[in-house]
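All chains should be modelled from the sequences, with the hints used to inform the complete structure.
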Amino acid sequence: MKSEIRNPKSTIGNPDLSIDFAGIRLKNPVLTASGTFGYGEEFAEFVDLNRLGGVIVKGISLKPIKGNPPPRIWETPSGMLNAIGLENPGVDVFLNEKMPYLRKYDTAVIVNMFGYSLEEYVGVAERLDGVAGISGIEVNISCPNVKAGGMAFGTDLRATFGLLSAVRKATRLPLIAKLSPNVTDVTAFAKAAADAGCDGLSLINTLLGMAIDVRCRKPRLANCTGGLSGPAIRPVAVRMVWQVARSVSLPIIGMGGIVTGEDALEFMLAGASAVAVGTANFINPRATLDVLNGIEGFLREQKIGSLREIVGKVDAG
Amino acid sequence: MPSNRLHKALVVSHKPAGRGYFRLVLKAPEAARAALPGQFVMLRVSDTLDPLLARPFGISAVISRTSLEIVYRVVGKGTTRLTAAKPGQTLHLLGPLGAGFPQPDKKTIPVLVAGGSGFPPLHFLTQRSGARAHLFLGARDKECLPPAGIVQSLKKTAAKVHIATDDGSAGVQGTSTDILNAFLLKMEQKAHLVLYACGPHAMLAAVSRIAAEHAIPCHVSMEERMACGLGACMGCSVPMKAGGYKRACKEGPVFDSREIDWSEQVFLKIKK
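Those protein sequences? They're chains R and D, same order as listed.
The first sequence begins at 1 in our numbering and counts up one residue at a time.
The second sequence begins at 1 in our numbering and counts up one residue at a time.
Incorrect hints may have been included.
Subject to a maximum C-alpha distance of 27 Å in a straight line, what follows is the list of computed DSSO-like cross-link-like pairs (lysine-lysine) [unchecked claim]: (1) R:Lys-218 - D:Lys-246; (2) D:Lys-241 - R:Lys-66; (3) R:Lys-63 - R:Lys-169; (4) D:Lys-106 - R:Lys-63; (5) D:Lys-156 - R:Lys-63; (6) R:Lys-66 - D:Lys-250; (7) D:Lys-106 - R:Lys-218; (8) R:Lys-218 - D:Lys-155; (9) D:Lys-250 - R:Lys-104; (10) D:Lys-155 - D:Lys-15; (11) D:Lys-106 - D:Lys-156; (12) D:Lys-246 - R:Lys-63.
For each label pair, taking beta carbons as the anchor points, the in silico distance ranges come out as [said to hold, decoys possible]: (13) D:His-192 - R:Gly-90: 39 to 45 Å; (14) D:Lys-15 - R:Glu-301: 39 to 45 Å; (15) D:His-192 - R:Ser-117: 53 to 59 Å; (16) R:Pro-77 - D:Lys-186: 50 to 56 Å; (17) D:Gln-103 - R:Asp-185: 58 to 64 Å.
Output of the computed footprint for chain R on chain D, the stretches with three or more beta carbons under 8 Å from beta carbons of chain R [to be verified]: (18) 42-54; (19) 157-168; (20) 198-210.
Since the hints were derived computationally from the structure, they do not count as laboratory data.
We put the beta carbon where it would ideally sit given N, CA and C, even for glycine.
Right, here's the structure in full:
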């Protein structure tokens, strides 16, 4: 499924930002990156969730996960390392306690999920299938902070294809694969996701990193390594979106250090149909709206009536 | 959507307070009205993206109907940058955040224990309920105590301030927990005592043990690294005896000391 931009005839004074992403109707291309916006409720005091294109919720697994021991975060130049360890209350609590809240809003809900085995991934996908209010599934095959699952699938081509094929059979919901940047050639993984029947791609997840306290000679994180996010990784993310957009036809949600509308437009010019705001939510709870207003303002200023004139339109010679 | 916790706080005054500390007075009327002892604010120390994250600061006082006081020690990149904030400029302030200290009731005799730079929330608590309070301050040496202005202010509001330093350069030679324990051993009537503590994890673990030995309720304020302050990033986790973690920013920063799994805290974080 290719992303389609709705209503290209919209007037220039009021640019139409709505899109069809992998079969999911989004009123605008601004989403929240998984793990940075809780389950929406945490930010509802600051952001009218109805204004967002959608909420990608914090990753859900079959059983509750208690997460990694602290310290779990460490600030780095224009970024941060985290090793939360995918702490979450499990799919049952999510469906019973978090979804009823999100259902009250007119915004797309994309559920990020993961497992420690192929069976667990399939189990979660089956539980989410057909649940009212869920617009799509984002499959996390790229978390760098858990040993058994996550990145172990996302850095092996055959495992990626096998896992995504199995999840594909378990649900009719639009399926988005969140790819790991911790590979040499991300386009090969994008192709594997397309071959497995995915409808869209999210890139990028965090980059594996490490920081050390030189006086104690200990890693800053109890997990030793963690995922790097924030503006520091944006050029890497833009490059990967650009490479993947040129090699597969699946629509892309671009993410990695987006703070402003211009940051988001970089991703869109590189080929992303939608964007997700992540770490910026931590430093400014209204960051999603700032990004949305920034995109809208830019389109007005440039007299651009539709996102179609932007997506993938970088002039790379 | 209107929010009354996201503010542009005006810097009213910002001066060195001595002993490596700065005193920052911020005008943020809604935050000042709502603030309770033990709560904190997230302050962005600059508008640039490096340092990236806002920093959590315990509220040290509400000094008027419109202004909050923050007293912080310069320890790293964020606090160094913050020292450049000038009166008249504004800072992004999120707060008040978290669950503060349970309010002492009329019969309570608050026993406050502050270590390192953990005194601000306890200073705020003495402002509100300090008349009967005994306050214990501990530091390596005199120069590591809270700034003189704060010690003065504590002496004015609390019933008694007990000071200990490792080298004996101020108060009694020893640690805050030594003098706390000696104080409690002498006390015959402990029914109305309640402990409130903030400081390094090792000190809080020791205070928690003393509280258990004397069967006194104990509330500890946990200082953790945070990214969002809103319960979303899951970065400020505190290990619980019952298993799993709670968030210092949301369920805390104040916890009943009996809830916390101190073995994991001390093992992982006290490295010296």
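So, going through the hints one by one against the coordinates:
A C-alpha spacing of about 24 Å is found between Lys-218 of chain R and Lys-246 of chain D, which places the hinted pair at or below 27 Å, so the restraint holds. About 13 Å separates the Cα atoms of Lys-241 of chain D and Lys-66 of chain R, which keeps this hinted pair within 27 Å; it holds. Using a Cα cut-off of 27 Å, the hinted pair Lys-63 of chain R and Lys-169 of chain R holds, with the two alpha carbons roughly 21 Å apart. A hinted pair counts as satisfied when its Cα atoms are at most 27 Å apart, and Lys-106 of chain D with Lys-63 of chain R does not qualify at roughly 45 Å.
Between the alpha carbons of Lys-156 of chain D and Lys-63 of chain R the distance comes to roughly 54 Å, so the proposed pair goes past 27 Å and is violated. A threshold of 27 Å between alpha carbons decides the hint, and for Lys-66 of chain R with Lys-250 of chain D the separation of about 16 Å falls inside it, so the pair holds. A C-alpha spacing of about 47 Å is found between Lys-106 of chain D and Lys-218 of chain R, which places the hinted pair above 27 Å, so the restraint is violated. For the suggested pair Lys-218 of chain R and Lys-155 of chain D, the alpha carbons sit about 40 Å apart, so the restraint of at most 27 Å is broken.
With a C-alpha separation of about 23 Å, the suggested pair Lys-250 of chain D and Lys-104 of chain R falls inside the 27 Å cut-off, and the hint holds. Between Lys-155 of chain D and Lys-15 of chain D the CA atoms are separated by roughly 22 Å; this keeps the pair inside 27 Å, and the hint holds. For the hint pairing Lys-106 of chain D with Lys-156 of chain D, the CA-to-CA distance comes to about 20 Å; that is within 27 Å, so the pair holds. Distance restraint check for Lys-246 of chain D and Lys-63 of chain R: the Cα-Cα separation of roughly 18 Å lies within the 27 Å cut-off, and the hinted pair is therefore satisfied.
Hint check: His-192 of chain D to Gly-90 of chain R, Cβ distance near 43 Å, so the stated range 39 to 45 Å holds. In this structure the hint that Lys-15 of chain D and Glu-301 of chain R lie 39 to 45 Å apart at CB holds, the actual value being about 43 Å. Between His-192 of chain D and Ser-117 of chain R the beta carbon distance is about 55 Å. The supplied range of 53 to 59 Å therefore holds. Pro-77 of chain R and Lys-186 of chain D have their C-beta atoms about 52 Å apart, which keeps the hinted 50 to 56 Å range intact.
For Gln-103 of chain D and Asp-185 of chain R, the hinted distance range of 58 to 64 Å is satisfied, since their beta carbons lie about 60 Å from each other. Evaluation of the coverage hint for the stretch 42-54 of chain D: fulfilled, as 7 residues show C-beta separations to chain R shorter than 8 Å, against a requirement of three. With 0 residues bearing a CB less than 8 Å from a CB of chain R, the stretch 157-168 of chain D misses the requirement of three and the coverage assertion fails. Evaluation of the coverage hint for the stretch 198-210 of chain D: breached, as 0 residues show C-beta separations to chain R shorter than 8 Å, against a requirement of three.
Of the hints listed earlier, those the structure fails to meet are numbers 4, 5, 7, 8, 19, 20, in rising order.
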